[in-house]
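S.K.: Sequence:
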Amino acid sequence: MTELKQKAEDLSGRIGSAVKTKVGMFSNRFNALESGTKKWSLALLGISMACMCTAIIINGLQSGKPEYLRTESISLPKDIYMDTIKAERLTPVGKMKGEVYGEFESFYLATNKEGKLFINRNIEYSENAYDKSNGWEQITRQQLEVFEKHLDLIPPRKKGMKR
Numbered sequence: 000m001t002e003l004k005q006k007a008e009d010l011s012g013r014i015g016s017a018v019k020t021k022v023g024m025f026s027n028r029f030n031a032l033e034s035g036t037k038k039w040s041l042a043l044l045g046i047s048m049a050c051m052c053t054a055i056i057i058n059g060l061q062s063g064k065p066e067y068l069r070t071e072s073i074s075l076p077k078d079i080y081m082d083t084i085k086a087e088r089l090t091p092v093g094k095m096k097g098e099v100y101g102e103f104e105s106f107y108l109a110t111n112k113e114g115k116l117f118i119n120r121n122i123e124y125s126e127n128a129y130d131k132s133n134g135w136e137q138i139t140r141q142q143l144e145v146f147e148k149h150l151d152l153i154p155p156r157k158k159g160m161k162r
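Under numbering that gives the first Met the number 0, the letters of the sequence shown match residues 0 to 162, in that order.
Calculated directly from the structure, the hints in this document are not laboratory data. Values in this document were obtained by computation on a predicted structure and should not be read as measured data.
Below, simulated DMTMM-like cross-link-like pairs (lysine to aspartate or glutamate); rule was C-alpha separation at most 25 Å, straight line:
1) Lys19 - Glu33
2) Lys131 - Glu144
3) Lys96 - Glu126
4) Lys96 - Asp130
5) Lys148 - Glu104
Pair by pair, the computed Cβ-Cβ distance ranges are:
6) Gly35 - Gly15: 27 to 37 Å
7) Leu143 - Met51: 57 to 67 Å
8) Arg13 - Glu33: 33 to 43 Å
The C-beta atom is built at its ideal place from N, Cα and C for all residues, glycine as well.
Put together the whole structure using the sequences plus the hints.
M.R.: Next comes the structure, spelled out in structure tokens:
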């Protein structure tokens, strides 16, 4: 335990000396300026701090969302949903396969945001596989019930999951 305390004290000593060096360098540069420049720079610093404090106080007193000084605009990109610009994205439900009326049937099943069902018998294996395109055909719930009686549903697997 004492070794850990020694390392912590050594680290804080090195950080403290580095900070003192930088502060001393800044202090020497500032002291070398002319007195008029010092006054103006301190006045500008004070005015900018006063404006920031005023903006924060006004922001706290307003009941609605302010149109300025929003942190979301800094932390979130404006075009966060860029992949939905070109096509509607379908959510995979799984793959159905089996025998219906003597013929082998196999297709992928997906749904959109409104809950409509789509099947694709010849899916492309790429990042855009579940973008709604000409390969996806809309089916009704009754058609799905017929398929469910005869076919097995294989749920989609996530990458890296083992079963």
